[in-house]
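Engineer: Sequence:
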Amino acid sequence: MTTLTDRPGTALLVVDVQNDVVGEAYARDAVVTRIHDLVRRARAAQTPVVWVQHHAEDDLVTGTEGWRIVAELEPAGDEAIVQKEYGDAFEGTDLEEVLARLGVGRLVVTGAETDACIRSTIHGAFTRGYDTTLVGDAHTAGDKTAWGAPPVDQVIAHTNLYWSFQGAPGRTAAVVDAADVDFA
-15 MTTLTDRPGT
-5 ALLVVDVQND
5 VVGEAYARDA
15 VVTRIHDLVR
25 RARAAQTPVV
35 WVQHHAEDDL
45 VTGTEGWRIV
55 AELEPAGDEA
65 IVQKEYGDAF
75 EGTDLEEVLA
85 RLGVGRLVVT
95 GAETDACIRS
105 TIHGAFTRGY
115 DTTLVGDAHT
125 AGDKTAWGAP
135 PVDQVIAHTN
145 LYWSFQGAPG
155 RTAAVVDAAD
165 VDFA
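Residue numbering for the sequence shown follows our numbering, starting at -15 and increasing by one per position.
If you are wondering where the hints come from, they were derived from the structure by calculation, not from laboratory data.
Every clue listed holds true.
The calculated label-pair distances, taken between Cβ atoms and stated as ranges, are: (1) 131 / 168: 34 to 44 Å; (2) 45 / 166: 33 to 43 Å; (3) 29 / 133: 29 to 39 Å.
C-beta: ideal position from N, C-alpha, C; glycine also.
Between the sequences and the hints, there should be enough to build the whole structure, so can you do that?
Structural biologist: Pasting the structure below:
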């Protein structure tokens, strides 16, 4: 029930699954495998897949191996790749225009990092009127306990918990496991 009129479509949003972002991430291989399966299922259902790729001059330099999307995932030639430099994939990008062109009002979100770009993007989508589903077992992050953060499994669990209770007029938030994502 998105608040975006004339946009009944769904898109799978794959955020920052890049070599240097997920190289040391918690449960990296399992998460990437789930995202790979979601991409395959979305394509089979003719649901658009939109890729988001972070760049930063100090550590994720455009064109470098660390900046590239992981080898297990490959955007199709006709799939949008949105370049971003802020946590929220909508800020300073053409993501909104891409989604409007595709008629998308519902996002299914996967990727990294849970406590940064995923959190910012799901909130950004929701406040912009999108129904926003977080795939609870298809997002991850690197260990930030050295800076006082909880262990990654707890960060993921907390994010899934609070997102499952989000609410706002005219739109929905949800958390589902990858196996339960319905692109219909």
